[in-house]
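**Q** The residues making up each chain are set out below.
2 protein chains.
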Amino acid sequence: MRVELLCTGDELVTGLITDTNSTYLEARLFDLGVKVERVVLVGDVRPDITQALKEAASRADVVVVSGGLGPTADDFTLECAAEAAGVPLEEDAQVLDWLHLRYAARGLSPNPSALRMARVPRGSEPVRNPEGSAPLVVMKLGGAQLFFLPGVPREFKALLEGEVLPRIRATLDARPERTYRAFRLLRTVGIPESELDMAVAPMGPRHPRIVFGFRTHAPENHLKLMAEASSQSEADAALAAVEVECRQMLGTKLFGVDSESYAAVVLETLRRAGATLAVAESCTGGLIAQQLTAVPGSSEVFIGGAVVYSEKMKSAWVGVPPDVLARHTAVSRETAEAMAEGVRDACGTTYGLSVTGYAGPGGGTPEDPVGTVYCALSAPGVPTRCERISVTGDRDRVRLFAASHTLEMLRQHLLAASATP
Amino acid sequence: MRVELLCTGDELVTGLITDTNSTYLEARLFDLGVKVERVVLVGDVRPDITQALKEAASRADVVVVSGGLGPTADDFTLECAAEAAGVPLEEDAQVLDWLHLRYAARGLSPNPSALRMARVPRGSEPVRNPEGSAPLVVMKLGGAQLFFLPGVPREFKALLEGEVLPRIRATLDARPERTYRAFRLLRTVGIPESELDMAVAPMGPRHPRIVFGFRTHAPENHLKLMAEASSQSEADAALAAVEVECRQMLGTKLFGVDSESYAAVVLETLRRAGATLAVAESCTGGLIAQQLTAVPGSSEVFIGGAVVYSEKMKSAWVGVPPDVLARHTAVSRETAEAMAEGVRDACGTTYGLSVTGYAGPGGGTPEDPVGTVYCALSAPGVPTRCERISVTGDRDRVRLFAASHTLEMLRQHLLAASATP
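If you read the protein sequences in the order shown, they are chains X and A.
All residue numbers for the first sequence refer to full-length UniProt numbering, where the first residue is 1 and numbers rise by one.
All residue numbers for the second sequence refer to full-length UniProt numbering, where the first residue is 1 and numbers rise by one.
Keep in mind that a hint or two might mislead.
List of simulated lysine-lysine pairs, BS3-like, C-alpha gap at most 27 Å [to be verified]:
| id | chain 1 | residue 1 | chain 2 | residue 2 |
| --- | --- | --- | --- | --- |
| 1 | X | 312 | A | 35 |
| 2 | A | 54 | X | 54 |
| 3 | A | 157 | X | 224 |
| 4 | A | 54 | A | 35 |
Since the hints were made in silico from the structure, they are not lab data.
Work out the full structure: start from the sequences and follow the hints.
**A** Structure below.
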């Protein structure tokens, strides 16, 4: 089934709003085994909308259109649809009833501009909107079925889930030639995209039913696996086979699948180990603590975080000896190690992590230029370990990769510890 | 000038990624007086990309294409461009040099898949990418000028700002029929979008040359003012007139304009007051510290942040008396006030801020359900002030609005203090 989306509205082509309705719908369709072929965004320009409707209807089996159904002067998507189909707009008695009921519920009656919403193309099917005034409108154009939805995300989603997706699913189920898909996202850290690609390339010929894809979501790289087959069980089996190989190849660089977040995985690994964590941050300034505490239930394992932006607080909160700071400076292996040990001590946790470095744009020394970060892990029964990394890019990027590297030191340590009998 | 955007990538049509590159580019072009006519998103399907390129080039003067320039097997946008133009792909010696230099800087040499990035359509102009390996490629197709950019947002933006927009601006400047625009974004906190809309509505008739727009970027709401005229000076004058009125109407709810970030404004207000700040966070878990330290130079005024997720650390780091915790619990006015005073004391700063609350989904009490947050400000010469807020929504939203409310208590205090003679 060929599906296209058409989104209308000046706000979508002038940078005012990012179109998230499409993302939502694409994901829901993909779950049904349908990959959207094309998404088109046009402004509130009648000939552009009419033309885009005709083009989409000429290519696709289903076109989902959003926006321009409301009461205001720049809402004219249905006029364009009527023109594209060569039919007039007509007031629909049922939609008129719905409008009156909806306004009456608030003690009002619809004003003339609201009544415009009762005008739909002749021969189309209006469907009541549980969340708003403008109805869903279903109509045929050429060989395509068109669904017109309001652009307001809450209304868009309600009509999509309640009406549009069930109808698409029913059509799919009735088709003999349906393609079944199975999908897995493998999430990695610490492996560059081109390396990932090189490692995966030789697997292609062995897995002809798999489409491999790559996505960079710094500091993570994701490998997308999609199996296509003529039955769900074949698609599932093909996916399972390639997933096993990929897991072997990625090893511990693979941290999670599908929607699992890195922070949630780290916290879960700690929880399974019965361990707790504290963090002392200088250049990342609370980023690590914030990432961890964004996960519900993190308070079970995350005990405390010290954002120690001054030398004084490095000593006061996490016990870095003033002479270490004086001899080695705040950005040094010695300070990082003292911070990791000190925060672990102060919070009485199993593990302590620390970060200190030059995030830029100012600061740095000839030996440790901007982008240099010292990351340390204090763990029971082993010497404190510090790693020095050099991150290119701006302040945000340095902080992001420094946070990731530091947490990854802990995750790898936990994995190694749990692997040792 | 007719401009269209074409974004390629399976991740854009399967719901994995929301296309924010387009939003960014649309806004930048709009500043130049150009409204994008159409945005098209297609998956990694060669005939679809080739077809979409041909269609866009047949309609537009300029087509900006993003995605599919990288080293992996699903990167083939330039192959499609070559096919659409009827020319071969050829290895470009200069791009090859850039690749070798880039890899050499990291002590590596490019692998075979990276070398694919040196192959560009015959007759096209490659431009060096300061942020990545894949170059910008400029070429003609029919009457249109095509710009091919990597989809990675950092690289996309760098090449857009450094190369694409200056070239488009130069072309625009050479045209006689140009519309001039002037633009201001007024950034507010603490005023709902519908209230903003109501306040602005009566201004419309007095300012016929102004297009008013609204943008919600939680927890902020932005008012967009755009003046259109046939000369730049007229546009500037119309904008200045409406801006004065808006500033009066918004008062201190207006915190900044255009690209000013809230955190940067708070830090600058502190700096001007010669003041310093420390923060103790419970439910926001480092979010406030992270927002502030993301701003370059924040270390001048931000001294320390304590993420005190346990009762023990609330006492140890910011001196909350154990009996306050025992009597009033960790989520209470008394604890919030003790945290703000304690962190100010520990860090020796002018101001201390604190947050404690139930971010959810777990936790809460009948009196203080999930979404209840206590925010406190300790300042010199006045009693510590605590405000209790109730935020609806999920964990992320509670944390976001709690952080914003807390910082806003400080900003309003600073504004009031600087207004008093």
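**Q** It remains to establish, for every hint, whether it holds in the given structure.
**A** Each hint tested on the structure:
1. X:312 to A:35: violated (53 Å)
2. A:54 to X:54: holds (18 Å)
3. A:157 to X:224: holds (25 Å)
4. A:54 to A:35: holds (21 Å)
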